[in-house]
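There are 2 protein chains.
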Amino acid sequence: MYAASAIQKLLDELERLPGIGPKSAQRIAYWILNTDRTEAIRLADAIIEVKDTVHFCSRCFNYAQDDLCDICASLKRDHSLICVVSEPRDIPPIERTGAFEGVYHVLGGVISPLEGIGPDSLHITELLGRINDPAVKEVILATNPNIEGETTASYLARLLKPTGVTVSRLASGLPVGGDLEFADEVTLGRAIESRHEL
Amino acid sequence: MYAASAIQKLLDELERLPGIGPKSAQRIAYWILNTDRTEAIRLADAIIEVKDTVHFCSRCFNYAQDDLCDICASLKRDHSLICVVSEPRDIPPIERTGAFEGVYHVLGGVISPLEGIGPDSLHITELLGRINDPAVKEVILATNPNIEGETTASYLARLLKPTGVTVSRLASGLPVGGDLEFADEVTLGRAIESRHEL
Numbered sequence: 001m002y003a004a005s006a007i008q009k010l011l012d013e014l015e016r017l018p019g020i021g022p023k024s025a026q027r028i029a030y031w032i033l034n035t036d037r038t039e040a041i042r043l044a045d046a047i048i049e050v051k052d053t054v055h056f057c058s059r060c061f062n063y064a065q066d067d068l069c070d071i072c073a074s075l076k077r078d079h080s081l082i083c084v085v086s087e088p089r090d091i092p093p094i095e096r097t098g099a100f101e102g103v104y105h106v107l108g109g110v111i112s113p114l115e116g117i118g119p120d121s122l123h124i125t126e127l128l129g130r131i132n133d134p135a136v137k138e139v140i141l142a143t144n145p146n147i148e149g150e151t152t153a154s155y156l157a158r159l160l161k162p163t164g165v166t167v168s169r170l171a172s173g174l175p176v177g178g179d180l181e182f183a184d185e186v187t188l189g190r191a192i193e194s195r196h197e198l
Numbered sequence: 001m002y003a004a005s006a007i008q009k010l011l012d013e014l015e016r017l018p019g020i021g022p023k024s025a026q027r028i029a030y031w032i033l034n035t036d037r038t039e040a041i042r043l044a045d046a047i048i049e050v051k052d053t054v055h056f057c058s059r060c061f062n063y064a065q066d067d068l069c070d071i072c073a074s075l076k077r078d079h080s081l082i083c084v085v086s087e088p089r090d091i092p093p094i095e096r097t098g099a100f101e102g103v104y105h106v107l108g109g110v111i112s113p114l115e116g117i118g119p120d121s122l123h124i125t126e127l128l129g130r131i132n133d134p135a136v137k138e139v140i141l142a143t144n145p146n147i148e149g150e151t152t153a154s155y156l157a158r159l160l161k162p163t164g165v166t167v168s169r170l171a172s173g174l175p176v177g178g179d180l181e182f183a184d185e186v187t188l189g190r191a192i193e194s195r196h197e198l
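As you go down the protein sequences, you meet chains A and B in turn. Position 125, counted from 1, in the first sequence is what the numbering used here calls 125; the numbers after and before it change by one each time, with no gaps. Position 126, counted from 1, in the second sequence is what the numbering used here calls 126; the numbers after and before it change by one each time, with no gaps.
In short, the hints are calculated from the structure, not lab data. In this text, all values refer to a predicted model and were calculated from it rather than measured experimentally. One thing to keep in mind: the hints can contain errors.
Identical copies go unnamed one by one, so any copy, or any two together, can satisfy a pair.
[What the hints assert, rightly or not] List time: in silico SDA-like cross-link candidates among lysine to any residue, alpha-carbon distance up to 25 Å:
1) Lys161 / Arg37
2) Lys23 / Pro145
3) Lys76 / Arg158
4) Lys161 / Gly177
5) Lys161 / Asp12
6) Lys23 / Asp12
7) Lys23 / Asn144
8) Lys161 / Asn144
9) Lys9 / Gly19
10) Lys137 / His55
11) Lys23 / Ile41
12) Lys23 / Ala99
13) Lys9 / Ala40
14) Lys137 / Gly102
15) Lys51 / Arg89
16) Lys137 / Asp179
17) Lys137 / Thr151
18) Lys23 / Arg59
19) Lys23 / Leu159
20) Lys137 / Ser5
21) Lys9 / His123
22) Lys9 / Gln26
23) Lys23 / Gly164
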């Protein structure tokens, strides 16, 4: 339908992106058509650069451009505190809180028998290797508070406890600014269980 | 905040796209990071190809890869019927209706004194040139039914009438499937004016 097959090709590629439907793809395609060449090429180059230069950190499996990611390489971070997450995408939200000074370990997924993902397919051996360092004091299990996340967290807790390292889990409860009236019973129940004295 | 500056660069570029906020940019960036290289490069190449191969049709100013766009070059289209639109993006919706067999002429904007866009900055001379061909029977003015669009349409009507060509305008009225109760008074008023006998 488009006057130029190159435009149709671009639309097809854009529509394969997450959350991009035909209408958004069209808006973006026309933006690319109208913007000057250098602007558009900057986007294309950014995509290529990411695929060519970004790989996994050899220590924590976060995305990195050098052997170690910026966080593992930083001397400002507390390397005695390891926060275990399932995917690299879980790290930016934690960083944004500014409440965590430690380092991370990315599992590369969660235990999910349904999808045939067992402990062996996650970076757990590498985590145990890092725990062997006596400098490591605490491991925070920051997998998502859903079935797979909880299963993975309790599996890791059983595995790590014997090593003598402190193992902690992110608190579940009412979202700050949330409303009791609209809280689901599981979350509210969790908030009651883990109530703390004032 | 991101472990790799290349990722931050990609996020910055993605956030400059229309309708893409930080969250969508992040979803897309992680999709690009997780997808295999060839998939991601196909997107980058599509962007580059569009900028390198797409220009304006020498006759109608729609996007084209050859001298003429596919519509102007097609022998299946009725070249005696020219539909005048303001932007190339207005053509796909008309094509989707399947109700139009003619060809197009893209003005490249609308008359807008506020933005300092006068008739001279639009492809009107080229339109008059096409009308000179006695084969052209009718010109449909398909600019948007808003102030600039109506101004441009009536300006063109005054200009084209003397040439003896039939000049028509898209009908305004209630959207099909729409609801009288919720129609704005201007649209409803237009629908009453242009009522037709049954």
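Broken hints, by number: Violated: hints 1, 3, 4, 5, 10, 16, 18, 19, 20, 21 and 23.
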